[in-house]
Amino acid sequence: MPQIGITGSAVFNMFSGSQSNREIEKVKKDAGVLTSEPSAYETGGPSFTTDNTKIAFQVDGQMDFATFHQWMATMMLSGDRFAKTHYIVPQAYISLYSKYATLNLGNYAGVEDLMSFGGASLLGGTGGFGSSAHRGYVGITTGCYAKVELVGDSDDATKFTLMTPRFWGFQLGVSYTPDTSKIGRKNRVDLGPISDTDIYYNKQFWGFGVNFVEFVTSDAKLSLSVTGVTGSPRTAQTGPNGEDIYFHQTNGVTVGGDITFDKVALGAEYGWMGQTAQMKGNYLVAAPGVAPSEYVGAHASAPRFFDVAIAFFFWDTKLALGYYRSEAKTGFAVDGKTSKAVTNIGNASLTYAVQPGVQIYIEGFYHLTKNPSALYEMSLFVQQMKDFTKGNVIRDQRALTGVVGVKVSF
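Residue 1 is where the sequence shown starts when you use this note's numbering, and the numbers rise one by one after that.
In short, the hints are calculated from the structure, not lab data. Certain hints may be false.
[Stated by the list, open to error] For lysine to aspartate or glutamate, the following EDC-like pairs were computed, each having C-alpha atoms within a straight-line distance of at most 20 Å:
#1 Lys390 with Glu37
#2 Lys26 with Asp262
#3 Lys29 with Asp262
#4 Lys340 with Asp396
#5 Lys26 with Asp64
All chains should be modelled from the sequences, with the hints used to inform the complete structure.
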């Protein structure tokens, strides 16, 4: 008889802080001419959120087919909603288990997410820079990257994932996603290579992973991982005059790990993405209010990032400290040199387990994001892409943010 289970979490966060730049500009294209105006939105100020609130229904049972002996069907409902790419049911998948492998079929994370280790996994509170919560509050400078996932990450797009059992400490995995813009739908309008939440859509997308977990001693655990992705941009975007605009192939790799010794854990991760999703070719960009500047595709690069964190465990409390940095070449020249978009994030959190399943926490962030070509980068997309008629721009940012929250898990 199949068994039904329910798991999930309810989260409430209170954000507050100061930001050096709360203004958002809107670049618009009207009759082929670029203009800019203040956006109706601004960043910062007190904010209450329910980030990562979710509930999952699971039905599992036994089977005898080939080598598979167990199955499980999962549907997760989410309290998050961002633009067009997130849904009330972001995850719905079937899992098949055998002694040789685990097979996931449906809307679920790929091995590039499931099998990686690094500093972000040690953070407390909202999840630090490993979570999306801080990006929903702080105005990150346009062109700056503030994620620990690879550009082009398949997220919960419809896929299959195959993972081996662990042998001699090692585990292998592979994921395949025919089209990363499809999240449970048979057909979907082609949104081009870029969405309004910075997800770069790909076709024929593969994720790969290998990790190693071993107890070095009775109280020392070592975890290491290497993950990678490869894929092709869904389409060439159409320019204003009907020309095709092409993007570089998606390729990326992460190397990370963490070690836990008694009451202390230390982790780090490095991510490299080459020229993933960078626009090919050279274009003269006439940004509003400034002199034109040339974008040189050969000089642009996708972000590369590094993070490190340390966590201390005492009584029912975790103290975690972390640092994240990313940088990417923009393809534009400033003072004769190719400019870079640089992100620095510091994070500290204190998480207390009131009782099993109930946590309260306080957390602090420091963001420093800079990109001298922010206006040019957004103007490039608005100018060159036929259907990209407007875009928001945030200039250099320095922000200090505090969070108080509670999380109930079941």
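Structure versus earlier hints, numbers of those that do not hold, lowest first: 2, 3 and 5
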